[in-house]
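Sequence lines, in order, name chains A and B.
For what it's worth, my numbering labels the leading residue of the first sequence as 192, then goes sequentially.
For what it's worth, my numbering labels the leading residue of the second sequence as 15, then goes sequentially.
Calculated directly from the structure, the hints in this document are not laboratory data.
Watch out, some of these pointers could steer you wrong.
Said to hold, decoys possible - Partner residues aside, some chain B positions facing chain A, computed with beta carbon under 8 Å:
(1) K51
(2) P84
(3) V87
(4) L88
(5) D89
(6) E133
(7) L134
Positions of the beta carbon are idealized from the N, C-alpha and C atoms, including for glycine.
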Amino acid sequence: MLYLDHAATTPLRPEARAAAEPFLDADFGNPSGVHGISRRAKNAVEAAREQAAALLGASHPLEIVFTGGGTEADNLAVAGAALAAAGRRGVVTSAVEHKAVLDTADFVSRLEGRIEIVGVDEAGLVDPERLAGAVSDDTAVASVMLANNEVGTIQPVPEIAAAVHGRDRRVLVHTDAVQAFISEPVAVSTTGADLIALAAHKFGGPKGVGLLYVRNGVELEPLIHGGGQELGRRSGTHNVAGIIAMVAAMQAAAEDREGFRGRVAAARDRFEEVLLDKLPGVTATAAGAPRLVQHSHLRFPGMRSETMLIRLDAAGIAAAAGSACQSGAIEPSHVLAAMGFSPEEAAECVRFTFGWPNVAADGERAALAVIDVAGAMR
Amino acid sequence: MSPKPRALVAMSGGVDSSVAAALMLESGYDVVGVTLKQWEGPKGEMPTAGCCTVADAEDARRAAAQLDIPYYVLDYVDEFRTAVVDRFGEAYLEGRTPNPCIECNRRVRFHALFDRTQELGCDVLVTGHHARVKRRNGEFRLLKAVDAGKDQSYVLHMLGQTELARIRLPVGEMTKAAVRERAAELGLRTADKPDSQDICFVGNGDYRDFLREYFPEAAQPGMVVDTQGEILGSHAGTVDFTIGQRKGLGVALGEPRYVVDINPKSATVVIGRKAELLVAGCVVTDGSLVADDAVLPAAVEVKVRYRAEPVPAQATVGEEGSWQVMFDQPQDGIAPGQAAVLYAGDEVLGGGTIAEAIR
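With the rest of the complex left out, here is chain A:
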């Protein structure tokens, strides 16, 4: 079995499992209580919050809001900002965002918000000036991802944040850093963002837990109402074990980041070198642009990616194409469409993504295995 779909999700890090374990057993308490069992859970959650804040370079732990995943963090950032801003309800975003942002923008538009979606170049890059140019008096939030989940293109978020804030300091800048965190440094100061979304399971934490960094003073309209947890910004009993595991994984990922970049870049580069050499005509998407070290998004002309994925699966290789819909069918990619791929070209693309368990030698092994399958299809 060769797992090359780490961008979809990656295995739990041992540090995360170990950190979570007590909170699945003896320390099972609900943090919102007055007794000792509660207190232990509460203290652990608040310690995790401090640690997460430190890892992101936040100025205060309460700038961290724990959520039920990356999608929820994006929803809270985009819709929460648009619904809270006085007299402004517009959203400016890019055409290659994750659906968690684009569909939330669409939701805001149904609440009378004005939505501007800015195009990208052929590598998937957003032009900061163009994006800032789409900001109007009505704009509440501008949202651009740190790195694209399909093709791996890294956006110039610091420049985008500066351009947007330069135009109007009242416009909030959100960045979805879900795919980037494992390999790219993510800090408040370097991104310049007011809101940053993370998802635990992309960097070795469990599924169903994430966080949103919310710059001190930023008002968000909560989307989940109830017990008033997270200063009322996200109600619902804390997923204590999940939060503890996420932050342990976050710490481990941050410490491993340089090592990850070294071994995964070596694996990915070797993978592409061997594969592109043996399979003429195959091209790597956005290879000339700033790109996540773990992503290899390839187009195999004349091969249907759907068929290729099934044949790879039969050969024990896990890869992906586009994003799967509710039924599991592969949907035409809005990201590739925005980058100028025709529907036919987009349907010939497969995404291979490496992860924290990989070593440099996995690149060649993966290339040979994929060449076997692709060769049989020619």
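Go by the hints and put chain B onto chain A.
Then chain B, alone, in the frame of chain A:
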């Protein structure tokens, strides 16, 4: 690669295709299950009612998991929209009553499935249809199912020798009751699932709502006339009528009247007496014969609707390759757009689309 033969099973999420997959496993095949995603809502979701819904795909996925076979959903939305849905509306507006499931089989489903069978390195395609394939005199024959009440050979008439050589229809040899019993023994959760009757892209079972929404011309008010062209009343849209319909005509006359013709372009519904419904025969286009040794003219039995009983007729080749099918006794309820399928006893000789009635 495994030395075992490989089978691609088209799984609808129903009991028949689940059991078909199980039977192929038992006969020593490596089995891969697929569902074609053919229709979707405005946001790309699969429909929730009709056949081929999200729930059906989940049922198929669960059955595949229970059988421990890989399962995939393949995207055919664009092909389906062009080849079936758009044509359904266009054909309707031209006054025909198409059978979209047959059009899908003819234009999308089997092409897609046979393509994938080859691309995925499979040897045979398996479906859960109730029909049988037998070889006789060197030719593959498409035969009615063992369970006459569940026979689906009508919807498979477009298959030729190349297709029949590579298709397996294992449940066609079983009664529906036996299929359900088998599913129960295997613990498949599809065992008690009711048969689907709906058109997949219509949802909730009413194609009229679909036509109103996608082809508003079908809902234009117009006149109800008799066969002489005399205006008898008005109606709120041809979509509310089908040929042979007796109730809800909105006109009161001494004796029962029936819809004998519909012209959506001019928004006209023609009604007449029972006798005026009767036609002597029909012209069939897009006809294909199953076996290479099948010839026309021939004395046949013809089935003109999915639920109709076959009736004796004489089939001959007419203009431009069309067929002329003349019934031994005049028939009613002949609706252009439906399939006419020719039988010789249990064997499907071939079939095509009814282009017009011959009065």
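(message) To test your reading of the hints: which numbers does this structure violate?
(response) Hints that this structure does not satisfy do not exist here, as all of them hold.
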